[in-house]
Amino acid sequence: MTSITLNIAHRTHIVKTHMARRLSEVLRDDLKLKSVKIGCDAGDCGACTVLIDGAQHCACLVPAGQADGRKIETLETSEPLLSARLQDSFLDHGAAQCGICTPGMMMAATELLRAVPNPDQAQVKEALAGVLCRCTGYRKIIAAVMDANSQTTVCPPPKAGHAVGQPIRRLDGQAKVDGTEVFGADFIPDGTLLVRAIRAQHYHADFEFGDLLAWIKMHAGVECVITAADIAGINCYGVIPPFADQPALAEKTTRYRGEPVALVVGDPKALEALGLDDFPISWIPRPHSLTQADGAGPDATLLHDHRQENTLIRGNVVSGAPDSAMVEAAHVVTGQFETSYVEHAYIEPEAGVAWMEADVLCIQACTQAPVMDLEDTAKILGLPLNKVRIIPSAAGGGFGAKLDVTLQPLLGLAVLKTGMPCRMVFSRSESMQASTKRHPGSMQASIGADAAGKVMAMTFHGDFNTGAYASWGPTVATRVPVHASGPYLTPNYRATSRAVHTNGPTSGAFRGFGVPQAAITQESLYDDLAQKCGIDRLEFRRINALRDDDVTPCGQTLQAVGIIDCLDALKPHWDEFHAEVTAFNTTSRAHKRGIGIASCWYGCGNTGLPNPSTVRFGITPDGQFNLHQGATDIGQGSNTVIAQIAADALGVQVGMINLVGPDTAITPDCGKTSASRQTFITGRAAEASGLALRAAILRLTNLTNADEMTLEGGMLCVRQDQNYQKIPLKDLPTDANGYVLCAEETYDPPTTTLDDNGQGTPYAVYGYGAQIAEVEVDMALGTTKVLRMVAAHDVGRAINPQLAEGQIEGGIAQGIGLALMEEYLPGETENLHNYLIPTIGDMPHITSILIEKPDTEGPMGAKGLGEHVLIPTAPAILNGIHHATGARVTKVPALPHRLLAAIKASQT
Amino acid sequence: MTVINSYLRPSALEHALEELAAGSLRIAAGCTDLFPSTEHKHLQGSILDITGIKSLRGISHTDDGIRIGATTTWTDLIKADLPPACRGLQLAAQKVGALQIQNRGTIAGNLCNASPAADGVPPLLTLDAKVELQSKGGTRVVPLHDFIIGPRKTVLAETELITALLIPKSSLTGHSHFLKLGARAYLVISIAMTSARLVVRNGVVVEAALAIGSCGPVATRVPQVEAQMIGKAVDPVVITDDVVAAAIDPIADMRANAAYRAISAAELLRRTVLELAMDLEAAT
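Chains L and P are the protein sequences, given in the same order.
No gaps in the numbering here: position 312 of the first sequence is 321 in this note's numbering, and each next residue is one more.
No gaps in the numbering here: position 248 of the second sequence is 1031 in this note's numbering, and each next residue is one more.
Keep in mind that the hints are not guaranteed to be accurate.
Derived PhoX-like pairs: lysine-lysine, alpha-carbon spacing no greater than 20 Å straight-line [what the hints assert, rightly or not]:
| hint | chain 1 | residue 1 | chain 2 | residue 2 |
| --- | --- | --- | --- | --- |
| 1 | L | Lys794 | L | Lys900 |
| 2 | P | Lys878 | L | Lys794 |
| 3 | L | Lys913 | L | Lys601 |
| 4 | L | Lys278 | L | Lys261 |
| 5 | L | Lys426 | L | Lys226 |
| 6 | P | Lys837 | L | Lys80 |
None of these hints come from the bench; they were simulated from the model.
In this text the structure is predicted, and so the values were computed from the model without any measurement.
Put together the whole structure using the sequences plus the hints.
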């Protein structure tokens, strides 16, 4: 231990620390500069970017000794004027979604803007290239940095009742851009112990512990070791209770690499430094399977004895007479496609802290599903539901993998055993090993059309690698057959699916629940079929697109179908791109350009199952409008969108609303942030509670309606024409929640369960979209650059157009990753330099077109969008590659070696 | 057991060499490889941090050529005023990670880490770079191609330190270029990379140095092709897939299979030479 001197914000800080310690730790722990985020501890993500003597460095790569005597700038401590301009620009452009990469982005931008006050796009890309973002698709970050030093006109806040439709700044944005947002790793009560997991490093193995007590005694600072034997409740959890099969800590056998078997709890400094290589455990590896083909094979060891052929579940939707219709079809195309494991790669690894408050276990961690966390954690710990409280921290990205409990029950076990506050922060490799993935799929399909290009029939089967445990496997197996037709009228249809257990990582929810994989199959084949029919590919889709009153393969009659509108909006771009690509290709041999198109549809909410949201909206005696907004905002924007809806329904300015977050102790359940359901379902509940609160207010007046509602000196003033009524809030009695006026409304979408043939009403609302991609392929190297994308999405009503665009751009980024670079291989790509996600340099120019075909079921007409945006991207790119090269890529990602092989195969 | 490791950051080279002679130490500079190799919050082992030794950083022109100090960073290289023969090295520096890594990573660290995908190695091979190694006992100079002997393997002795890279004057002639192939735009470990330095007089190649990285245990020169280029106009046509495939020994990994590496290395090398031909044309 020596001291170093850091010069921060014109002050000298002398810090006692080990010289070999990461500077990021010194800044976060000793100086409480928590804007320095830890995403990888390897220099791969740039979240910890700080300026040292004015130049950007990853603080995780700097030994404290090298920072001695130098000037350090973090987001909290950098030059206030420039920082304020950047913050404003990030907010104005919607450049921060979850906010975890924002401080690093802003520090990189700070260095650039000092040298180049008005940078061009290329300069911004070069300067920010070392910081990864998984939410935004980078476009709005680029724009925010380019405009940071230019004069902007501040838009006045929307008038009462007119917030919906306005691109207002995120209501929770300030903390994201000034670095004060509290993520899972940022809150540490005094005296908190550290929890570390012992994890399996085999794909499948039996294990036995040695002498744990002796090991504890040998290691100063270790308080205790926790194993499955310490679990008082039921050591079996899962997001879908009938399929629950996952132990919080494995008993005797581990089924995937990274499965936790024990926890070590102790003094943070001592425990952090431990190697844990000498932990007393012996392993006996067992045979394992990693692919769906191996898992379903005759020799595969069963992962769960009661699931024969390692089959978790099968799904199907059948309508009409697909086999005979296929025979009658004039043109038939058939194909097989394969997708890989895809990692969510949020920049915030799982992190949280837990403590006791009286007899209630409080867990503050990043999550997408607080109430589900509560239920599973209580079950594992053997506690009644009212003895567990989940306080979601800000989530630095989720995309589906933070729906399953991760460290919540583990933290609970540690707190119950030690009686002390405990925290746990996954390392990047731990996060990648232990978190769920997108299901790899092996899919085959045939589609037949008549001579005029009308689709007559489609058959589809997909085997999905669901990994070691059930997680959301049943949802994928159900959603895929419902959606595999795409948004096209398919009168004769059979789609089947199977979720197969393997010893790969557990596959769970990832933006689209299997539909993006199925769309690759269907949309690739649509291109082939259009070609066979001799019809332009966009026109072919237009011919077959679903229209109002059409019936889906599930037998549901649809209204408010916006796919035609999306395709029509793309048409001028399609024609323009075609002309430019043709011109380019006549002169270029080494590089060929192509255009692809693909569509999507996606049902919002649970498939044929209840999934209500409840929103409480209350007024306090001192005139605060509290909106209990229980939809976890993981960056997508529900804190803003739900408030806009509630404010308009009530009839007050959105700025008057005080958000109360999804803390299970104080906010009713708004369900999980998944299935593109929050804008729709929580939005409807918010609309209903806003209207109910308005009615309650009007009842206290003699007015029939209100033109304006304002607060003046503790009085709620309601005006209708020239009539004013003042309600003295302080004089009113309060309810159990402390409100003088309150409304609480629940909305659950009207759906039905599906029968044995998948017939029914799986969803109350669908969203639609279509995208075109222009790509350039290097014909000799097999590399692909996405040059431009145009995305048209029917959102019903764009509650906040800027946030909607942010979803589109972010979804496209993840679609590019799925198409071109992302392939998680357990044991090989457990970091962010072997597992590649798109960087700022991989993003094309994007034109977003918001189509508004209102759905009567949605709040103010709105539909979901979050997952839709990713679905068309990969197939549009693959179709663009095919157009450019003539080669059909049938396995994603289309890594250069795969594409080059496909090009060579197509040329022979 | 919690081990409190030592951390030394001397300012004098002699001091560092004495410490090295005394015991087994891990040499640290930019730490862009050392920190990613641990999940701990401290560098592991007993550390000798050489970034306090000012004389080890920087580029100087000497009578014998160019001397690049061991702790010279990629950014230092990019910003340096170097002859066209070093252009390939500077391009490689610009392709290392992104600015954060370029600002920290050092040229000697890149060699000591000895990754088959080390970005600095192919261009340094085309410059016939030599590695200056010092220990308490003295100094030795080893050609780069003899310094790295396998993946993560060098001839650096425990008591030695790289103090500089030496580029001989005879290799500072001509022009050079570098290309790197990866699956994304930035922050990428290469699938293949190629570097070329050509000296052309009167339209004829008089000296050719070509190198390929990420396509074998260590980056390699391609003498078979170099020989064929001498005495002719610059023409990538002599760089055939077959002759390149014979010169390298690629592996399959998560980035690409071996066959693709061979094909792409040949294509990349042709393009590197083609770019050089255009540079040369522009220069005349």
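Going through the hints against the structure:
1. L:Lys794 - L:Lys900: OK: Lys794 (chain L) and Lys900 (chain L) at ~18 Å, within 20 Å.
2. P:Lys878 - L:Lys794: holds (18 Å)
3. L:Lys913 - L:Lys601: holds (14 Å)
4. L:Lys278 - L:Lys261: Given pair Lys278 (chain L), Lys261 (chain L) is violated - Cα atoms ~30 Å apart, limit 20 Å.
5. L:Lys426 - L:Lys226: Distance of about 17 Å is within 20 Å: holds.
6. P:Lys837 - L:Lys80: holds (19 Å)
Going down the numbered hints, you'll see the structure goes against just number 4.
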